[in-house]
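Make the full structure from the sequences, and use the hints.
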Amino acid sequence: MRVTTTVNGQRVELDDVWEGESLMYALRERAGLPGSKNACEQGECGSCTVYLDGVPVCSCLVAAGQSEGRDITTVEGLASKTDLHGVQQAFLDAGAVQCGFCTPGLLIAAHDLIARVPEPSDPDIREALAGNLCRCTGYEKIMDAVHLAADRAGARP
Amino acid sequence: MDFACPRTWAEALEVQAQEPDTVPICGGTDVMVDVNFDRRRPAALLDLTRVRDLQGWSHRDGRIVLGAGVTYARVIDELGDRLPGLAMAARTVGSPQIRNRGTVGGNLGAASPAGDSHPPLLATETVVVAESVRGARRIEIADFYTGVKRNALEPDELIREIEVEVAGGPQQFSKIGPRNAMVIAVAGFALALHPDVRRVGTGLGSASPTPRRAAEAEVFVAAEFDERGLWESRSELPESVAEEFGRRVGLATEPIDDVRGSAAYRKHAISVLARRALTWAWSDYRRHRL
Chain A
1 MRVTTTVNGQ
11 RVELDDVWEG
21 ESLMYALRER
31 AGLPGSKNAC
41 EQGECGSCTV
51 YLDGVPVCSC
61 LVAAGQSEGR
71 DITTVEGLAS
81 KTDLHGVQQA
91 FLDAGAVQCG
101 FCTPGLLIAA
111 HDLIARVPEP
121 SDPDIREALA
131 GNLCRCTGYE
141 KIMDAVHLAA
151 DRAGARP
Chain B
1 MDFACPRTWA
11 EALEVQAQEP
21 DTVPICGGTD
31 VMVDVNFDRR
41 RPAALLDLTR
51 VRDLQGWSHR
61 DGRIVLGAGV
71 TYARVIDELG
81 DRLPGLAMAA
91 RTVGSPQIRN
101 RGTVGGNLGA
111 ASPAGDSHPP
121 LLATETVVVA
131 ESVRGARRIE
141 IADFYTGVKR
151 NALEPDELIR
161 EIEVEVAGGP
171 QQFSKIGPRN
181 AMVIAVAGFA
191 LALHPDVRRV
201 GTGLGSASPT
211 PRRAAEAEVF
221 VAAEFDERGL
231 WESRSELPES
241 VAEEFGRRVG
251 LATEPIDDVR
261 GSAAYRKHAI
271 SVLARRALTW
281 AWSDYRRHRL
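Top to bottom, those sequences are chains A and B. For the first sequence, the residue numbers in the UniProt record's numbering are 1 to 157. For the second sequence, the residue numbers in the UniProt record's numbering are 1 to 290.
Hint data in this document are derived by calculation from the structure and do not stem from the laboratory. All of these numbers come straight from a predicted model, not from anything done at the bench. For every residue, glycine included, the Cβ atom is placed at its ideal position computed from N, Cα and C. Treat the hints loosely; a few may be bogus.
[To be verified] Derived, one-sided and incomplete: chain B residues facing chain A with beta-carbon distance under 7 Å:
(1) GLY28
(2) MET32
(3) VAL33
(4) ASP34
(5) ASN36
(6) PRO96
(7) ILE98
(8) ALA181
(9) VAL183
(10) ILE184
What follows is the structure, given as structure tokens:
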């Protein structure tokens, strides 16, 4: 089937989509957007997190057909043409990236948290990132990165 | 495989009636896992996320009528005051991403003994409204669960809404798992005090082939409260009553050994959860809190 959707502000037509196909697969293999990572395929790890109509979801649990006419933002859509998004820059600066596999999902989850809670506490961050597993860094630097991103966003005029 | 995305409820019922091997999908948190892992290849997926009738809730005769497509995130944000037990359970479901998509209707459709919605729905008066092209029918929650991951729905029926009694007293939910997030309950328990009818409702999860009530323990605790005049006096709950209540809830379990826990552990854990839940709810009641 054909699925027409908006991804990162662009209208995208995905062809030959299998009816049981996940949005994650469609984004990676058909839309050429491999930022969302394919890991657990059961909503456990959060590596495939994207915004669907402004709400963070595991794209592996969304049937591609369910995204027809919806608005999707992937990690590729966070940065501008010239600059990383503040959350991305903070992850780099805080050293919150090791192998990087979980990072796209963490970036979307952290981006959403800071939009909702401009000055998140440690428990706020732990709660918001509870569905994003990282097997390398041990989360401390990820916590630092979210605080850094929030502080910088708050400091901006 | 077919993929149907009806805009109206009538259209959805038509699709379900035409092909019984059609699997309804909302949040996809169970259905897509099975499809991703090749465990299930239904003839068709029926996307219900565009059916407007399922996406809202309303207040009717002291009950909340919850559309089958209302997400856990919305139950938490919008219904925490009226359905505190269900909202507490919803807060323990998966992660933010899962709560943004998963629905109470989907939890009922999957009917897993470990589903977090079931205990609070059992602890209070709940009716599942199922519908097909043949008409609608109301199913009492206790009759809804018929076996492991099986429910009372006919192949052509879909869940339209869930009617849940608005809390008339304190409610509690707790569950055991290895983490504070992304946990499938090793054991779960919900309790609701119904002071108006002098009843204590219970719901057990992950403790038997289907979610169930601990009926005998409910009768025991109601009799103890009556005998001791506790509903009126709101005096302290004797520890022996809480302890015996927990023991009797444990007797209502029929747990299994599996990768998440042993049967013996589950029975013990449920007893402890039940004792604590009663103690917490009673202390809320004594403080005149809802």
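Have a go at the VAL33 (chain B) hint: is there a Cβ in chain A nearer than 7 Å to its own Cβ?
Nearest chain A Cβ about 4 Å off; hint holds.
For the hint on ILE98 (chain B), does the least C-beta distance to chain A fall short of 7 Å?
Hint on ILE98 (chain B): holds, closest Cβ of chain A at ~6 Å, below 7 Å.
Return the status of the interface hint for ILE184 (chain B): holds when the least beta-carbon distance to chain A is below 7 Å, violated otherwise.
violated, 10 Å
Taking the closest Cβ pair, is GLY28 (chain B) under 7 Å from chain A?
holds, 4 Å
Let's test the interface hint: is any C-beta of chain A closer than 7 Å to that of ASN36 (chain B)?
holds, 4 Å
For the hint on PRO96 (chain B), does the least C-beta distance to chain A fall short of 7 Å?
holds, 6 Å
Restraint satisfaction for VAL183 (chain B) [CB to CB of chain A, less than 7 Å]:
violated, 10 Å
Hint validity - ASP34 (chain B) Cβ closer than 7 Å to any chain A Cβ:
violated, 9 Å
Holds or violated: the hint that MET32 (chain B) contacts chain A, with Cβ atoms closer than 7 Å.
Holds - the Cβ of MET32 (chain B) comes within 7 Å of chain A, reaching about 4 Å at its closest.
So, ALA181 (chain B) near chain A? Judge it on the closest CB pair being under 7 Å.
holds, 3 Å
Taken one by one, the earlier hints fail for this structure at numbers 4, 9 and 10, listed in ascending order.
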